[in-house]
Structures are given as structure tokens and as C-alpha cells.
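J.: Following the hints, position chain C against chain R.
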Amino acid sequence: MSTSTISLDQLIAWLSRFRDLVTEKQSYLTELDSAIGDADHGSNMVRGMNAVVEKIGAEPATAADALLKSVGMTLVTSVGGASGPLYGTLFLRMGVNAGPVTELDAAALGAALRAGLEGVVARGKAEAGDKTMFDAIAPALDAWDAAVADGADVAAAASVALAAADKGRLATEPLVARKGRASYLGERSAGHIDPGATSSTLLFQALDDTVSS
Amino acid sequence: MKKLINTPESVLADALAGIDAAHPELKVDHVNRVIYRAEPTRAGKVALISGGGSGHEPLHGGFVGFGMLDAACAGEVFTSPTPDQMQEATKVADSGAGVLHIVKNYTGDVMNFEMAAEMAEAETGVKVASVVVNDDVAVQDSLFTAGRRGVGLTVLLEKIVGAAAEEGQDLAAVTALAHRVNDSGRSMGMALTSCTVPAAGKPTFDLPDDMMEIGVGIHGEPGRHREKLADAASIAKQLVDPILADMDFTGSPAIVMMNGMGGTPQIELYIMYNEVAKLLKAAGVEVVRNLVGDYITSLDMAGCSVTILKADDEMLKLWDAPVNTAGLRWGV
Chain R
1 MSTSTISLDQ LIAWLSRFRD LVTEKQSYLT ELDSAIGDAD HGSNMVRGMN AVVEKIGAEP
61 ATAADALLKS VGMTLVTSVG GASGPLYGTL FLRMGVNAGP VTELDAAALG AALRAGLEGV
121 VARGKAEAGD KTMFDAIAPA LDAWDAAVAD GADVAAAASV ALAAADKGRL ATEPLVARKG
181 RASYLGERSA GHIDPGATSS TLLFQALDDT VSS
Chain C
1001 MKKLINTPES VLADALAGID AAHPELKVDH VNRVIYRAEP TRAGKVALIS GGGSGHEPLH
1061 GGFVGFGMLD AACAGEVFTS PTPDQMQEAT KVADSGAGVL HIVKNYTGDV MNFEMAAEMA
1121 EAETGVKVAS VVVNDDVAVQ DSLFTAGRRG VGLTVLLEKI VGAAAEEGQD LAAVTALAHR
1181 VNDSGRSMGM ALTSCTVPAA GKPTFDLPDD MMEIGVGIHG EPGRHREKLA DAASIAKQLV
1241 DPILADMDFT GSPAIVMMNG MGGTPQIELY IMYNEVAKLL KAAGVEVVRN LVGDYITSLD
1301 MAGCSVTILK ADDEMLKLWD APVNTAGLRW GV
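Chains as they are written, first to last, in our numbering: chain R, 1 to 213; chain C, 1001 to 1332.
Just chain R, with the same shape it has in the complex (with noise of 0.2 Å):
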């Protein structure tokens, strides 16, 4: 049963669904993050995650705003590293943006989503093409908002905002890195695919996932 809004419910089974993803691609994150950083992106994700998880089953929120910050917090003050404070500002600015509801459709959902990524770009001053999560996040959401101008539901958008996450992640493969740990390596970061970039294509799966299924 495909859906044409996001629940409540949805939201935390996407988290969840999320949580599940980086712990199944532990290892691979952790062998992107060897070649070009420091080795420890699957393992910190992995403890944040499931320090969200076990925070909002501990604490349930009623609305969405209060589950994003929530969320945001959890991985600030649990993952470290520059994940933390990424991963953390992107759900932050989306719970501020998607205010005190208990369900968004495809295009609230695609404006909460958009602001995330502002607060990314705000804290990591990331650009297309500098190899990080941006390059993965940026065109699922240019996707993800043309089909929603083409009349798509939460489900439709979320399947082409995957297949562009996935595009831009495996794009970020040539690039040499110019932000991050991997900006230390130069003309030798080219040739492996982002870690961060990775992840994130992992967060449009779980919402594919959450809501196609």
C-alpha cells in the first residue's frame, strides 16, 4: 500500500527503517569512510541511530516538529565527528520547518526536507561537487520537488528522490573531495564513492521504503 501523505507513525517507522539501513551497511560505510576518511562513518552513524530510535520510543513525540528536534539533538550529542553536527542540523531545521503537525503531504514534506539541507550547507559550507552528503541530498530534493510540481504524492516522490540520491551518490565517485577529512587527499580522493553521501542516499531508501511498502 503506497501513501500519499506522511504520518506521525510513518515518520518514526522511516527512523527506524533508517537505523536498520546503517546498521545492515555498517561495514560498507565503514570501507567507503577507510578509503577517503577516518574509518568510523558506519559505526558513528550506527550509534546514533540507535540512540535515536531508543529515544523516541522512550520519550513519544505528538507532533513532527518535536520528533525532528528530538532526533536532531539525539544525533548532535551522539554521533560526533562531523556527522553529528550535520546529520543533527539537517533534522533540526526540519522539525523547525515542519511545525507542530501530525502529518505532512508531499510537498511540506519536501519543504521540511529542503530546509534540513539549507542548515547543512549553513553549518558544513558544502557546494555541488565538493564529494559529500550534499551531492547525494541536493538532487534528490531538485527531484523530489519536480515531481511534486508534476502533481506526485509522497510515494512517487520519494522513489525519484531516491533514484536521484542514488545517481548523485555514485557520482561523487570522480571527485576529488574539497571539504571534509577525504580534502586532505586531493587528486587522491577520486576514485571512491562518498561515505556521507552514502548515508544519505540511505535516508531516501528508508523513506522509500517506509512509504512504497
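Everything labelled a hint here was simulated from the structure, so no lab data went into it. Just so you know, even glycine gets a beta-carbon here, dropped at the ideal spot from N, CA and C. Any given hint could turn out to be false.
Pairs of lysine-lysine residues, derived as DSBU-like cross-links and limited to a Cα-Cα distance of at most 35 Å, are as follows [to be verified]:
id : chain 1 : residue 1 : chain 2 : residue 2
1  : C       : 1127      : R       : 55
2  : C       : 1003      : R       : 55
3  : C       : 1027      : C       : 1202
4  : R       : 167       : C       : 1237
5  : C       : 1281      : C       : 1310
6  : R       : 25        : R       : 69
7  : R       : 125       : R       : 167
8  : R       : 69        : C       : 1091
9  : C       : 1027      : C       : 1003
10 : C       : 1091      : R       : 55
11 : C       : 1228      : C       : 1310
12 : C       : 1278      : C       : 1317
13 : R       : 25        : R       : 125
14 : R       : 125       : R       : 55
15 : C       : 1127      : R       : 125
16 : C       : 1003      : R       : 125
17 : R       : 69        : C       : 1127
18 : C       : 1237      : C       : 1202
19 : C       : 1281      : C       : 1228
20 : C       : 1317      : C       : 1281
21 : C       : 1237      : C       : 1002
22 : C       : 1228      : C       : 1003
23 : R       : 55        : R       : 25
24 : C       : 1127      : C       : 1091
25 : C       : 1002      : R       : 25
26 : R       : 55        : C       : 1202
27 : R       : 125       : C       : 1202
28 : C       : 1027      : R       : 55
29 : C       : 1310      : R       : 125
30 : R       : 55        : R       : 69
31 : C       : 1127      : C       : 1027
32 : C       : 1091      : C       : 1027
33 : C       : 1317      : C       : 1003
34 : C       : 1228      : R       : 69
35 : R       : 25        : C       : 1317
36 : R       : 25        : C       : 1310
Now the stretches of chain R that chain C is said to cover, found in silico as 3 or more residues with beta-carbon under 8 Å [claimed, not checked]:
id : stretch
37 : 25-38
38 : 80-86
39 : 178-190
T.: Positioned in the frame of chain R, the structure of chain C alone reads:
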């Protein structure tokens, strides 16, 4: 992976428990993972807080104590600590005179300390200043990278600036001195082997037996290039030359640190120190103080780094001031 650990997951908690057990002069907050001096910050004294990923011991926890840091936040291995830890440390260590955050230049550390400073100032009104240490000449400082990494100079800076804070210098003076030290020193490192992060369970990078990595970072980040292993004299030249090319160290006294990466025997560090000292002498650099040993490590990596600081009279006087920490102790 062969390590003296209980489980990969408990490495940090178990190590903090060990620090607590070994050092009654320190106070460990196991929940927030902050190491403090047992005695509260003296009224009017600026508090120095540093922190970073674990795995670089004695940095930073081993430098908490009289004459150096007031608190150190410990992150997971090679992972920046989080803003809530830093905010807690900032709140507890502040005597009212303000707090200096000493941050090594890594994307994660900088972002987390920035968030912590914003949160601490907004919520508690503590005055927070910061210095970002970026001394590693292996990395080109340009708009197209995250900038030079913070490495060995952090140790020298924490000692010198710590002494200034101990003297009663105010936050503005302490911060200005920290920036001056950062602007006056450079480092360069190399690796003979990779390190192994406990949670990863295998070496961070592959380095064949007959190869070495020149310009390696303290998390096993690859450096400038990789080449055939050479003798100590030529390795020393490969470390010293880029430093001297980056900054002129002649005409004033220098403090030199020959630092081990964690898996290097002391005997090899002395061999390297001798080669470095000869090169510096030939280049007209007058070395007046030195440290030889493991001060900022990279878990079990074999290798070393050289740090050179161009010291003015004030820095030298502060260097010689008493210090009493687990990792550095003299004059007491």
C-alpha cells in the same frame, strides 16, 4: 586485531575508568566523558578546554592539570566529542573569567566546538573564545581543502597558553597568545605502518612492508605521497624540509618536538631526533628546548612527527614555567 581491550565498544569507557583509577588529582565525569582537574578552577583564572577524538593519548586528557588544561572532552576513538560534552565542560570549568576552546582543525571538531560555544554562550552567558590549531604542512592550506590539520603544535600550545592562564592573564591575552603560538609553529609526520581502530578491527590503510607514508595525519589519513622505506637521515630530511620551506625559523630560538605515533620505540625517536637536530643546525635554526617521546599519538601506528615552534621570549618563559600533568611534568 590484537589489542589489550575488553571489547571494541567499551574502549573509551574502560580507558576513562583507568585514568580515574590512576590519577586522584583528576576528576572524571564518566557520563559526559570529561576529564577535569580535581580542584575547581581558581577564581579569575581563564579555563582552558580542549578535546577531540580519543586514540591520541596522552593528548588531551593527559595534559589536564596545573599549568596546562582545565578540562578535556574525550570523543570516541578518532571521533570528535559532541557539543553537550563541551558545553558541560565549559560550564563546570568556567570561574567567571571565560573559557578558551583549543580545537584541532578537523571538520568535525570545528563544527562540534562551534555548536558548543553557541550553546554555552546562549544558555549560560559564559564568555568563550577559541583557537583552531592548524600546523600540519603536509596539507596545502587552500580554499579547496579543509585546511591544514591540527597536530603536534597542539601539545606545545596547550603548555605555553596553559602557563599564561595560570599566571592570571585574561581571556583576550590568553587567546591572542594562542593565536600567536599557532602562527609560529609547523609540523610534519610520517608512518611506517597503519593504525587499527578498535571498532573497525583492521588496519585503516594498507602500507606494504617496504613502503612508508610521508605526510601522514594522526588518524591514518594518507599524506603527500608514499615511497620506499629509507634510512633515518633521509626520512628526517623529508620531514624537516617541508617545514622549513613553509616558514622561516632562523633568527629566533626554537622549541622542537620529536613525537612518536604510538607504535615507535623510544630508541628510534632518539635516532630521528639526532638527525633532525643536525639538519636544523645546518639550516641555522637554534633549538633551545625539545621534547622526545609519545605526546600526540595515533593508536598503534609506527612513525613519527616533527614540530618546530619559533619561540619568542614570552613563549620560552611560559614553556619553562612549572607544569604538573600526567603527560608533561617539570618544575614542580
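J.: Under the criterion that the straight-line Cα-Cα distance not exceed 35 Å, is the pair residue 1003 of chain C, residue 55 of chain R satisfied?
T.: With a Cα-Cα distance of about 33 Å, the restraint between residue 1003 of chain C and residue 55 of chain R holds, given a limit of 35 Å.
J.: Can you confirm whether the C-alpha distance between residue 69 of chain R and residue 1091 of chain C stays at or below 35 Å?
T.: At roughly 23 Å apart (the allowed maximum being 35 Å), residue 1091 of chain C and residue 69 of chain R satisfy the hint.
J.: Could you grab the alpha-carbon distance between residue 55 of chain R and residue 25 of chain R and see if it respects the 35 Å cut-off?
T.: Status holds; Cα separation ~22 Å.
J.: Taking 35 Å as the top limit, are the C-alpha atoms of residue 1027 of chain C and residue 55 of chain R close enough?
T.: holds (29 Å)
J.: Does the alpha-carbon distance linking residue 25 of chain R and residue 1310 of chain C stay inside the 35 Å limit?
T.: Measuring from Cα to Cα gives roughly 47 Å; hence the hint is violated.
J.: Keeping to a limit of 35 Å between CA atoms, is the pair of residue 1237 of chain C and residue 1202 of chain C held or broken?
T.: The hint holds at about 31 Å.
J.: Quickly compare the C-alpha distance for residue 1127 of chain C and residue 1091 of chain C to 35 Å and report which way the hint goes.
T.: Holds, at roughly 10 Å.
J.: With a cut-off of 35 Å on the C-alpha distance, tell me whether residue 1228 of chain C and residue 69 of chain R pass.
T.: violated (52 Å)
J.: Just to be careful, I want the Cα atoms of residue 1091 of chain C and residue 55 of chain R compared with a cutoff of 35 Å; is the pair within it?
T.: holds (25 Å)
J.: Checking one constraint from the list: CA of residue 1317 of chain C to CA of residue 1003 of chain C, max 35 Å. Satisfied?
T.: violated (41 Å)
J.: For the pair supplied as a hint, residue 125 of chain R and residue 167 of chain R, confirm whether the alpha-carbon distance does not exceed 35 Å.
T.: Measuring from Cα to Cα gives roughly 22 Å; hence the hint holds.
J.: Compare the distance between the alpha carbons of residue 125 of chain R and residue 55 of chain R with 35 Å, and conclude whether the hinted pair is satisfied.
T.: OK: residue 125 of chain R and residue 55 of chain R at ~29 Å, within 35 Å.
Taken one by one, the earlier hints fail for this structure at numbers 4, 16, 33, 34, 35 and 36, listed in ascending order.
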